[in-house]
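Colleague: One-letter residues, chain by chain:
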Amino acid sequence: MVEEVPKGNTPKPLTKTKPNKFIIGGLLIFVATSILVAISIKGNAQYYLTIDELRVSPEKWNQNLRISGVVLGDTIRLVPGSDEITFQVVNIPGDMNTIEAMGGIAAVLHQAATDPKAMPLTIIYHGVKPDLLKDEAQAIMTGRMQPDGTFLAGELLLKCPSKYQEAPLN
Amino acid sequence: MSASLGLGILVLTLIISLYAVGAAIAGTRMHSAQLIDSARLATTITFPLLTVVILIMVYLLATGHFEFAYVYRQASLQMPLYLNITALWGGQSGSLLFWAWLLSGASAIAVRQAWKHEKPFTPWVVVVTMFTLAFFLLIVTFVDNPFARIWALSDGQVVQSMIQPAGSFLIYPPNGLGLNPLLRDPGMVFHPPMLYLGFVGFVIPFSFAMAALVTGRSDSAWLRLASKWALVAWVFLGIGLVLGSRWAYTVLGWGGYWGWDPVEVAALIPWLTGTAFVHSMSIQEKRHIFKRWNIALIVLTFCLVIFSTFLTRSGILDSVHAFTQSSIGPMFFGFICIVFIASLGLILWRWKLLESEGKMESFFSRESAFLFNNLLFVLLTLICLTGILLPVMSDLFNSTKLTVGPAWYKQTTGPVFAALLLLMGIVPLTAWGSTAAKSLGKKIWKPAVVSLLVPLILILTTALNWAGILALWLLSLITAVTLFDYGNAVFLRARGQDEDILVALAKVTARDHHRYGGYIVHIGIVMIALGVVGIEFYQAQTQVTVGLNSSINLEGFQVTYKNLTESATADGVDIARADVTVSRNGKTIAALSPRRDYYPLYQQSVTVPGVYSSLAEDLYVVLVDWQPISADAATFHVYYNPLINWFWIGSVVMVLGSILAYIPSRPKAGEKKEEQ
Numbered sequence: 000m001v002e003e004v005p006k007g008n009t010p011k012p013l014t015k016t017k018p019n020k021f022i023i024g025g026l027l028i029f030v031a032t033s034i035l036v037a038i039s040i041k042g043n044a045q046y047y048l049t050i051d052e053l054r055v056s057p058e059k060w061n062q063n064l065r066i067s068g069v070v071l072g073d074t075i076r077l078v079p080g081s082d083e084i085t086f087q088v089v090n091i092p093g094d095m096n097t098i099e100a101m102g103g104i105a106a107v108l109h110q111a112a113t114d115p116k117a118m119p120l121t122i123i124y125h126g127v128k129p130d131l132l133k134d135e136a137q138a139i140m141t142g143r144m145q146p147d148g149t150f151l152a153g154e155l156l157l158k159c160p161s162k163y164q165e166a167p168l169n
Numbered sequence: 000m001s002a003s004l005g006l007g008i009l010v011l012t013l014i015i016s017l018y019a020v021g022a023a024i025a026g027t028r029m030h031s032a033q034l035i036d037s038a039r040l041a042t043t044i045t046f047p048l049l050t051v052v053i054l055i056m057v058y059l060l061a062t063g064h065f066e067f068a069y070v071y072r073q074a075s076l077q078m079p080l081y082l083n084i085t086a087l088w089g090g091q092s093g094s095l096l097f098w099a100w101l102l103s104g105a106s107a108i109a110v111r112q113a114w115k116h117e118k119p120f121t122p123w124v125v126v127v128t129m130f131t132l133a134f135f136l137l138i139v140t141f142v143d144n145p146f147a148r149i150w151a152l153s154d155g156q157v158v159q160s161m162i163q164p165a166g167s168f169l170i171y172p173p174n175g176l177g178l179n180p181l182l183r184d185p186g187m188v189f190h191p192p193m194l195y196l197g198f199v200g201f202v203i204p205f206s207f208a209m210a211a212l213v214t215g216r217s218d219s220a221w222l223r224l225a226s227k228w229a230l231v232a233w234v235f236l237g238i239g240l241v242l243g244s245r246w247a248y249t250v251l252g253w254g255g256y257w258g259w260d261p262v263e264v265a266a267l268i269p270w271l272t273g274t275a276f277v278h279s280m281s282i283q284e285k286r287h288i289f290k291r292w293n294i295a296l297i298v299l300t301f302c303l304v305i306f307s308t309f310l311t312r313s314g315i316l317d318s319v320h321a322f323t324q325s326s327i328g329p330m331f332f333g334f335i336c337i338v339f340i341a342s343l344g345l346i347l348w349r350w351k352l353l354e355s356e357g358k359m360e361s362f363f364s365r366e367s368a369f370l371f372n373n374l375l376f377v378l379l380t381l382i383c384l385t386g387i388l389l390p391v392m393s394d395l396f397n398s399t400k401l402t403v404g405p406a407w408y409k410q411t412t413g414p415v416f417a418a419l420l421l422l423m424g425i426v427p428l429t430a431w432g433s434t435a436a437k438s439l440g441k442k443i444w445k446p447a448v449v450s451l452l453v454p455l456i457l458i459l460t461t462a463l464n465w466a467g468i469l470a471l472w473l474l475s476l477i478t479a480v481t482l483f484d485y486g487n488a489v490f491l492r493a494r495g496q497d498e499d500i501l502v503a504l505a506k507v508t509a510r511d512h513h514r515y516g517g518y519i520v521h522i523g524i525v526m527i528a529l530g531v532v533g534i535e536f537y538q539a540q541t542q543v544t545v546g547l548n549s550s551i552n553l554e555g556f557q558v559t560y561k562n563l564t565e566s567a568t569a570d571g572v573d574i575a576r577a578d579v580t581v582s583r584n585g586k587t588i589a590a591l592s593p594r595r596d597y598y599p600l601y602q603q604s605v606t607v608p609g610v611y612s613s614l615a616e617d618l619y620v621v622l623v624d625w626q627p628i629s630a631d632a633a634t635f636h637v638y639y640n641p642l643i644n645w646f647w648i649g650s651v652v653m654v655l656g657s658i659l660a661y662i663p664s665r666p667k668a669g670e671k672k673e674e675q
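Just so you know, the protein sequences line up as chains W and B, in that order. Be aware that the first sequence starts at 0, since it is given in numbering that gives the first Met the number 0, and climbs by one per residue. Be aware that the second sequence starts at 0, since it is given in numbering that gives the first Met the number 0, and climbs by one per residue.
Rather than coming from a laboratory, the hints here were simulated on the basis of the structure. Beta carbons are placed, not taken as given, at the ideal position from N, Cα and C, and that holds for glycine. Some clues are possibly wrong.
Claimed, not checked - If you want the ones that stay clear, here's a sample from chain B, every Cβ over 10 Å from chain W, calculated:
1) L251
2) T385
3) L420
4) W431
5) I443
6) V605
Unchecked claim - Selected chain B positions facing chain W (in silico; Cβ < 8 Å):
7) G252
8) W253
9) L401
Bound conformation, chain W alone (with noise of 0.2 Å):
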């Protein structure tokens, strides 16, 4: 066992006293934030469905949805005279362990890209084209669909696995 502890500075008792309001303070502060988030999840927050998932829910529609695709480089095009850029995505699986099982993302969104029989869903994006908006990279859109079936995307965000970090040994 290790040493005994130097008794002496033992702290005085402290007397009763009311309900702490510091405690209080604290928590009214605390159910306060609480609520702050809790109403800012429901005002902001998106459900993450995969593109095929999205095909099936036509009840999600009107709804702000964040979905993953792989890009078609192809088909990424500029609207003249606008900062409007256009591109289309296919699906590619959502579960991490379906991805790993498919031989890793990389791999994933290369045989996406490549399915001749896969269903693109068109992108509608407002802003400077990022720079990693490219053929086989995933794609990441948080928006809402059009009556036209296209997707508008308020926000884009792309991953690059295969040229990022764990580039295949070939």
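Based on the hints, put chain B in the right spot on chain W.
Modeller: Chain B alone, transformed into the frame defined by chain W:
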């Protein structure tokens, strides 16, 4: 040869670190000074050993030994030497090795300090630091080894392995893939090491806290050792975050500095609890309260450092940082569980011992302000954790994946940040022990009146933007309060001692440099906030295609397209460079050259904006990568970022203030006796 040497030393260091843990525990059990001594020595020796491993790795990267899988992936003949060296932390196994190396250095110093100042702490500091080191070395040795080489099997398959597979032969690729073009930037030299220094730095205060718990020391001895480390770690982590932000601003061409990307948030979280800790630790030293809280905070910070590393490496987050998902996630998770359960057990065991010796009296006292500061930082931590874990949690409990983005973070953290700023403004007016609400009011009215000038001027001179005006008024209030308090102390001294104002300023600052260093940090934060307000409330942007010698107008600036040249560098990078001039009121004030570098090998472009920068604003011009780019017409995206430079200036001021606060005090006669 170098491979087996590096690998051999790596394994040896792993064994030594495990031995140190065992010897330290056995030594305290058997009261053997000899065993503890050897544990101490073992700890110290891990640093030179790992230094050799790092040097070998750097040598392999610098000389292009592409038969090593790590070198093949991270280094390239096309990269300059300094980038090939930074490739050391460009990939997973290298960065974990780098982490371990920094930790071994910090551990060696910490063990020496413990031995000198609090001898009974020594074995426990050894146990914590060497257990952590062993964990990292275990991964680097057995799971993701940077010394693995590339082999061709007899069936033509190419694999990477530490040992030669039967019937295979070694492959010597003529060149490596190299870092992603986006990482080929001087930012790569400083941003990751600073973050790692911050992360590693927090291991040491944690080890002192654990040592105090195990040995049952209820006083602030551990904190005296830990506080310097915490402050240094906090500063480095802060510098790392800001450098990352600066790098993103200058390279990615999106005109922003912080995107609430999950990996950014994951690195911010330990900084938040670390900030709470550097505040509350000073309260324990001064008032002997918050003892349990401080231990809990440092445990939390350490767990979050590991958690942050785990999150970025586990692949469960969608991030632009896009690290590959790897198998080390579960190992990190296991490590966090062990650390968390062990420290929680220790805290509960010593619960009674850690009772506060003092008590808080007033709502308006300085210690109460620190308490609310801590509460708000913990709330920010919880908000950020909610944000990054929401997809995982909702998937687990509700089997839907809910995610949140920047809008959510702004909405939730905004009010908390504002409350923190307000608190920061009041703190100089409070006193230890108690402050009456009345005296607070008496002190605040003068600076408050002065600060009203700012919104007044804004209303009269600029377009109405109430949120922006409110935020700027808050900032001017804090500045006014802080400067009034500082100025008052200087003025009183100058009059009392009959000194020159500047001499008095230096003397006042020197006499209580912890406090005034803190004030300077706060002024730095006001500047940072100024930059944030500028972008959040006043940013403007436009994207236009213009012909030669035509102009884009934005916020009183005129950007005129002059020329476009396309060229290729010797190492195969295609560069499209536009020349534009920036003028205001008919006067040309700058010539910029926004660029697009295209790396055909990676099929990737890198945007390099042209930036006209002044204290008032940045004009940030991006050459948009699209047709029609030709000499006749080109597309530009122009951002007007007011006040953004104060973000970077404030960060520098913050670091300077922290250094001032860090300088050890000259011990007063009474304190010296106590320490010996």
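Colleague: Going through the earlier hints one by one, which of them does the structure break, listed in rising order?
Modeller: 1, 2, 6
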